[in-house]
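Peer 1: Keeping their order, the protein sequence lines are chains A and B. The first sequence begins at 1 in our numbering and counts up by one. The second sequence begins at 1 in our numbering and counts up by one.
Simulated from the structure, these hints should not be mistaken for lab results. Virtual Cβ for every residue (Gly too), placed ideally from N, Cα, C. Incorrect hints may appear among the rest.
Claimed, not checked - Distance windows between CB atoms, simulated: (1) B/L459 x A/H359: 56 to 64 Å; (2) A/T659 x B/A207: 44 to 52 Å; (3) A/H359 x B/N495: 50 to 58 Å.
Take a look at the letters that make up each chain.
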Amino acid sequence: MKLRGGARIGVDIGGTFTDLVLSDAGGRTWFDKRSSTPAQPEQAVLDGIVALLRRAGLEPADLLEVLHGTTVGSNTLLQQSGARTGLITTKGFRDVLEIGRVRTPDMFDLQWDKPVPLVPRRLRAEVAGRIAADGSVIEPLDEDGLRTAAADLVAQDVQSIAICFINSYRNPAHERRADAVLREYFPDLAITASVSVLAEMREYERTSTAVVNAYVLPILQSYLQRLRDGLLAIGITAPLLVSDSNGGLAAARTAMEKPVFFISSGRSAGVVGAARLGRAAAEMDVVVFDMGGTTASASLVQGGQISRANEYEFRAGISVPARFIKAGGYMMRVPTVDVAEVGSGGGSIAWIDDGGLLHVGPVSAGADPGPACYGQGGERPTVSDANVVLGYLPDQLAGGGLHLDVDKARAVIQRDLAAPLGLSVEEAAFGVREVANANMARAIRAVSVERGIDPRDFTLAAFGGSGPVHACDLAKSLDINRVLLPMMPGVFTALGMLTGDVERHFLTAMPGLLQNLRLSELDRAVADLRLQAAAALRDEHFTPEQMVLAFSLELRFEGQDSELPVRLPDAVLEIEIPWLRQQFLAAYEAVYQYAADDAVEVVNLRLLARGVRAGKLDFATLSITGVAEDHAPASEREVYFGRDLGWSRTRVLDRQAFTGTAHGPLILQSSDSTVVVPPGGQVANDGLGNLLIDLREGTGQ
Amino acid sequence: MSLNIDPITFAVIKNGLDTIVDDMAYTVMRTARSPIVRDVLDYSATICDARGRILAQAKTVALHLGAVPDAVIAVLDEFGDDLFDGDVIILNDPYAGGMHLPDIFMFKPIFHEQALQGFAVVIAHHSDVGGRVPGSNASDSTEIFQEGLRIPPLKLYAAGQKDRSLFALLRTNVRLPDMLLGDLAAQLATCSVGERAFINLIKKHGAEGLGQYFNALLDYGERLTRQAIRAWPNGRYEFTDYIDDDGFDQGPIPIVCAIDVMDDHLVVDFEGSSSQVKGAINCTLSYTKSSTYVGIRCALGREVPNNAGIYRCITITAPEGSILNPRMPAAVAARALTGYRVVDAVLGALAAIVPERVMAAGEGGNTVVCIGGYEGEAQGQAKTPFILVDMINGAWGGRAGKDGIEGVTNPSQNMSNMPVETLETRYPIRVEEYALRPDSCGPGEYRGGLGLIRQYRLLADEAVLQLRADRAVIPPYGLFGGGRAAPSRNILDPNGAAEALPSKVTRTLRGGEVIRHEQAGGGGYGDPLCRDPEQVAADVANEKISPAFAEEHFGVVMMAGDSAPDLAATEACRRSRK
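Bound conformation, chain B alone (with noise of 0.2 Å):
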């Protein structure tokens, strides 16, 4: 630490830009209109100095902000010195700064005695922005034309004057106008809380002083990142994991990941990863640089600070023409598929380097579920529209010394579930299950966690689903001799004619149908025959695992009733099979 840096003083200030974040991220919650933002969290909110360095994020979806520094660029790109006190900037271009179209950036300049600060910056996932599919958000666009509303970086106030003209553009070009105004509005409330907050600091601290503890937190997240990276073994880390398709009949497509461990630098490569594909899986480089940095930073050690100074120690490349690094016009709205994967493929390569810091492949990232379609009486009156957009998380794989865990969002998101009863309110379908699913973990010493299992009945008379899964044919992997999860179902009318449906779909449901979707577990972590008899059958008692699947993965027996373990049968059951 430099001289003039007081260690009480650079602790408040980082923690006072962590409690920045934490107020504007509380902010969206409070003040957003959409279930998809306000329940569900699908935001994330950032503080950057006038460089566009990420200072400090949020705890909200990690994946979103690795992007930021590509998006602020292309900002700066296009405005430069045309910044101005008042003004408000959005994009949503994948192809300049964004990351798939209904994730719209906002940025604020925020100025102090006339000179640029830095910016606060807010990123919400909109409920629709246009395009073929409600919701803006399907796996089956093959361009990104088809996709919804482009929106390259531009000024939505200038000096504090709203611009009519762009607000009469999205407003026309959406299916829920109102819903996107309102979380509109909600991203700037949260962008002036944090200018607020941020100007406070400045004229607690001065813009100058500030400055240097920004510096000395940067240089603070890449000391102990290149800390970190020393205790590696040089050397280079293979891992391939796989797509199961991009809904037309391309797959599985290869996310090839290979890490070089360089002193106190890593790079990363995907040389070998599928090229660009038909449907809309495509990932645009800066979201998968952004997926990197997750699994990495998962790597490092907790007390590492979430800013940019990490990214000063990783290099990252990806071929042009690839799915991760796409040409335009390739569709990309469920690029967050593709992230996920990258994130697993990362974590895979890690395995061989810290085998106790990673897990075994979780459920593969959340599965969306959006039912969009018009409700109300047809008696001369306008139907409403309604669009749900529903995220199903999710479950980790095992870890070194303990088990996966089952409910939980991907670690690449940090994201919360919608109530069912939320849901129900605001829409015209019914939750029938959301529970967990039986035998549906990886076996393992330690057990991947379960997949969830979500069952939803339409009420209004037809509307299009559309819903995006995946690990259906190629399920979570395990580590160390941990077994693969139960692969992912979707199901059309379960109780009825139980139609088996592909894990991508794009379809008229009509009045009183079901979709049940069943999630992939987690893998699992080492050899499956040395679990301790007590949890198989603690797992058996909880009705989490059957007595058949006890005995199949694990070689544990139970007594008759299920009750307990029966040692001796089991001790001799483990036997036969090693």
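Just chain A, with the same shape it has in the complex (with noise of 0.2 Å):
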């Protein structure tokens, strides 16, 4: 029986892997996994959708949404790779891009190095012009000058230019006018004007934000043109939703306006997925866990919630967001799930520096040339190829249509590290494997330990290709006593997306005491953002059943910077005065312990508008039917478990068909992940399709 129409795609692209996952209406799923086409990152998606819906016996035209997370836009910034990006600034502050807020991420270092801004000295220009503090115009826009300084930025072959001027959140006409005016006069250009993304004060903020969106507006605008005509070309009429940083969805045409919001797309819709499988499976305290080809991330849920962070600063090596350290660092005043990122993948690359020390990563062989066992031209030892030569890996990735070459894979770590080292092949592959799960403990560690909170008190999610792979020796390296593994933990991202829900965020300043608020200005206030929700989502092909509104005041004592927020009712015109700030009183004892007598002052209304899918996917309800497709009789394989046990005869049995529970070690396998239990550890099927593995001592047999 097949159910024409409804059908949903979740699409993650990840540096090594574009994963796919195809629900039909009957809550039936499919996935794809393959190579990442990292040139033109649409192909892998556009094949594997094809693939999916030959698979499902669906047409182009039953698809209902395509929703996709993407990592274009931190990969851009990563390896420096936007658009030659010009800045306009106001006269007198050409340099508040480069000098930041001055601080730095550790005391007593000398040896620092601030981050290079993305667009050099060279690059900024100053525009005379200037609007007060209180809104008022002190010297018009010198648009002559505008004009001339742009056309000196595009004779230096920028593509894409930000506006910040001083006071601009007050009043925007200058920079509102600037960006007319750059339309006009240089219409092949990219513009950010800086209000567009964050009309907030404080200028270093802005106008970082604002750089950053203009430096990766091309690139992304770019990609999402291509994927939506490669999906018109091939029949596709249906909406396209990307995931943004704090794990909600959005039309493709806002990432294309406002890309700064969609920086960790990806990595973030997976946080999200694992917060809403953790609920279903009763986990409510979870380290979330994602390994992929090139980098391993990791956050936390606390009793259910996701921890998030309003802001934060995109650097190399570990991607902290910062609280208020304001270090240098790409800062981007956005909201965001709060992740630890580090550049550890199954495609990290393994190496020795000249002091004789074993490195993993950060470069990552990626999907081409892929690591040496893919037999794709790869010639460096990856943690994949580790892997393999120690058995965890089979000899069949990706759905079976990747042959894994154990003794390609052999021959590199034994020319490039276990003969410098003087180690066995053995000895040297486990000595990459410990080194990369040293280097993911860092970034458990970042979102755990190094904020005082004991992991062992949480129970590890993991999924993402590598991480079932990975995940029970992390767990043990932290002391972590439970692991709790996905149905389809190599797509798992892709699938999470389908479980999600449709957030728009509206928000209104309204300075003033609260003392001094009209209730009938309030509900005026709420009405307007009410119509603008509304029309949103209406574009977004939602009914107002299927919208949720919550509205919150945002308040603070007078002379603050920081507000705290109060959950509004629904009839405004009722709420008393004294009950705002008595909520507020409340909210701020629970926060910080006292309150004060002072006077409260109001900052915005905000409006977190939520278009709830119909017939997203859920996890307490979800139907694995269509995965199993391809079963392998159980066997047995060689496995080194390190130098203590060696090598294990462990047996290997099929992951979908595997129920009850068994003792490790044992291999858990299927086409887009591999399980391993190891000697000691205890794994349970929930019912609910998802694996949890006991690592207590004397658990195991």
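Starting from two chains that each stand alone, build the complex the way the hints lay out.
Peer 2: In structure tokens:
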């Protein structure tokens, strides 16, 4: 029986693999995992969609939506491969971007390197024209000077320009005018006016956010345009939604205009999916661990709540949202899921430095050429090569389409690592695994131990193509006893997107003392935002019944800089001001343990508008019948579990057919990933399709 | 590590303490009222054990924290056994554990099961604590009694009960009472956050077990410090740096530092430094120590934890009656300047020991700009007072293998800057320029960072300007053949009469007047004639240095159009200089 229509596809592009999950109206799912095509990332997406539709027996017209997470934005920043970007600022403020907030990430470290600004000084131009702090115009915008400055930047080959004028958050007239003039005179340039991405006080934060937007915009725009064209070419007219850094979904056209909100697109979707999975599996305290081909990331879910931040800095090495460091890196003041990331993945290359020390990453063999064992021209040993040599990975990968060449992997590890270090091949391979695990443990520590949170109280939820191969060893190194592995871990992020909702944020500044707030005015503002949200969600095809609106008023004591939200009830006109004050004081006291008698001021009215997607997947009822396509017979192979245990004869079972409980050593194989249960571990199927591994001493055989 | 120490628990407790102090620092930022605290981050937070030993410190003002041990001693001397749950103690007296009057220390003793377990400590720079000049920070005061309200160790709360008399006294003696009380409330909230988290740590690990780990943590700090010092050659290393003047007629003022490396211990002595001076740049011994720790800490490895274990390995002395150990009633409000120069002198002496870890002198410490007065309609209404306290930083000197940094905090501080938009919203002042200062770097194979420019226009009718800079006479030093940076300048009305002002200014500013500060850059490191001509050309292209500066200091001749170096002409030019 085929169910026509109502199908959805989730797509997650990583540095190495592109993962796709298709669910039909009956809740059945199919997935596809294939090598990414970095030069034209859309190619793998389109090929995967065609293949999935064919396997599901569906037509392009049966698709309701295409949901997408992409690393195009983060890779652009990481590799500094963005557009040549110029910046136009108010006269006297050319260096705001480079000066930044002047702090350093560590004290007492005189060897620190301040990150190089995305726009060098010679591509930063000044224009006369000044707005005062109260929004009044002190000096008109010098439009001739603006055109000259822009022409000079164009002559230096810039493709994209950010504009940020002092006090534009208070009165955007000059910025809007400059935006219009530049669009008129230079129609081929990408233009970002700072207030279009962040209409908040503080010139550095606004400038930096606008510059990141401008830097990434041409790249992400051209990618999404090619993807849309490609979808149309294969007959898909369903809307394309993109996952943002906060884990919500938004229309592709939003991502093309404001890419700065989509830099951490994919990895945030994975965390949001894992939090939903945790709730379905009654696991409320979870360390989320995602290991792909190029990077590994970690995030924390406490009491079912995702940890989030309202600004973060993107930097190489380890990327951690800074709460108050502001120490270089590329600052973006946008809402984001709080994720730490390190450059270790299955494709990370292992190498030896001049001092004879073994390193893994951050360079990755990526999808092309890929690890040596892929036999696609890779000549350097990677983490996956080590896993193949040690017996953790089978000789077939990725849906059976890829044969893994064990001999080739052994040869490169022998040549590049074992021989120079004077070790056996398996010892060298195990060393690669240990170094990679130590790198990845840093990401988990950054979001747990380093914040004083003991990871031993948590469950490790692991996914990503390589996640289940490393999860148990990582958990052991951090003394975590429980490991949760979802169904389809290898394509989990794509699957997670299918469980998500559309989220849009709206904001109105309402500066003034709370005691002077007029409820009629608040009511008007609420009505106005409600209209905006309804229009935006209607545009994305939501019916009024599917819209969930949550209004909050952001309050603080007079003179403070940071607000706390107070959730508003539906009937705004019936609110009493003392009640609002009371709510604020209670919230404030809960956080800071004191409340003052001082005046309270209103800052913003904020609206989080959710479009509840009809027919979205639910982990609690997810049917995995569609997945079981290629049962493999039970078998055995030799697996190396370290110097003490050496090689062990290990059973290999089919992941999808596995029920009940079993003891390690054991390998559960499926076409999207490999689960390694070490000696001493006990694995159980939880009935929802997830695996739970207990690593406590004495639970094994 | 002793037998009862489990390495994972050790790591969890160490990082747990670091997180507590970070949470404390974050709480100050979120709850404070004044821009100097919430934007510029002139505050610090720490957790001490019951004996007052620092266990961890937040990544905030480094120079504050070395002064905490002496402040705890003052508190324990005063109260000893008279400490109870719910007590909150404040002090600011430089002659009783404090540093200068605007910095109010707050201590909250932490009790668990009726026993004192430690202290949450928050130090914040208050915008005004009274005295003769708004901001209480003038460098031209001559005795402590002019500088504001002196607070010896006193209980602001006794067993949870607010001391109304003390609050009334504070409120009456300062120019901005609401701001002072608001910032005190933020300090109190922060102490409570620290207290709650610290008690959680005790509940989890037990007071006794925790005590063992604290000892292990301090021992670990000491062990790593001794290990580092042991690798340094024994001997005496000396360096002298200077402060331009004290705002009167005394100058230059020498800071003489001698470091004796004795196996795994350091003795740092400041014999030969200037006697105490008339102006308010005298620096109490506790602050001298704090500054010395900062300099030495920079020469140790990054892995050394920030706790009191380090202090066990360093002995510091300065002659009584000197600028680094003054006698009452010497004025001390601008003592931070002297602290910066102590750090510069210590780093200068360390350059001979660990040339790869130090840098040439930076900008010389942040420039403090206070503008205070009254604003608002005069028609029958009382005008409202305002006091801007702004700090300008900064530039680092060149380093082994890399240039200095521009637009960066002095390493003694880790402060931030006040956003121009925040400043303009809060004060009747417009900022007309905030930029890098071209040609201000010290030349070197690795050049110093550029200094900053900040220019203010007064919009109110009248205000008192109090500006404290330095390095106008004796610019930041270079190392190993690197040159000095450009000196700092203060200019009144730069687009009109352009009157040059001295480095330390207290004067009336009229409405519409403009004051401009051009900060010194960082010194150079290594021979500037060895600098890669392509690097020099890149600086010219970015207008960080002029073509004339490139030729004069680096011997690099640019091609016509200044787009690339003329390598042949450069070679000839450089040969002629050698």
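Peer 1: Evaluate each hint against the coordinates.
Peer 2: Hints and how they fare:
1. B/L459 x A/H359: 56 to 64 Å: holds (57 Å)
2. A/T659 x B/A207: 44 to 52 Å: holds (49 Å)
3. A/H359 x B/N495: 50 to 58 Å: At roughly 56 Å between Cβ atoms, B/N495 and A/H359 fall inside 50 to 58 Å, so the hint holds.
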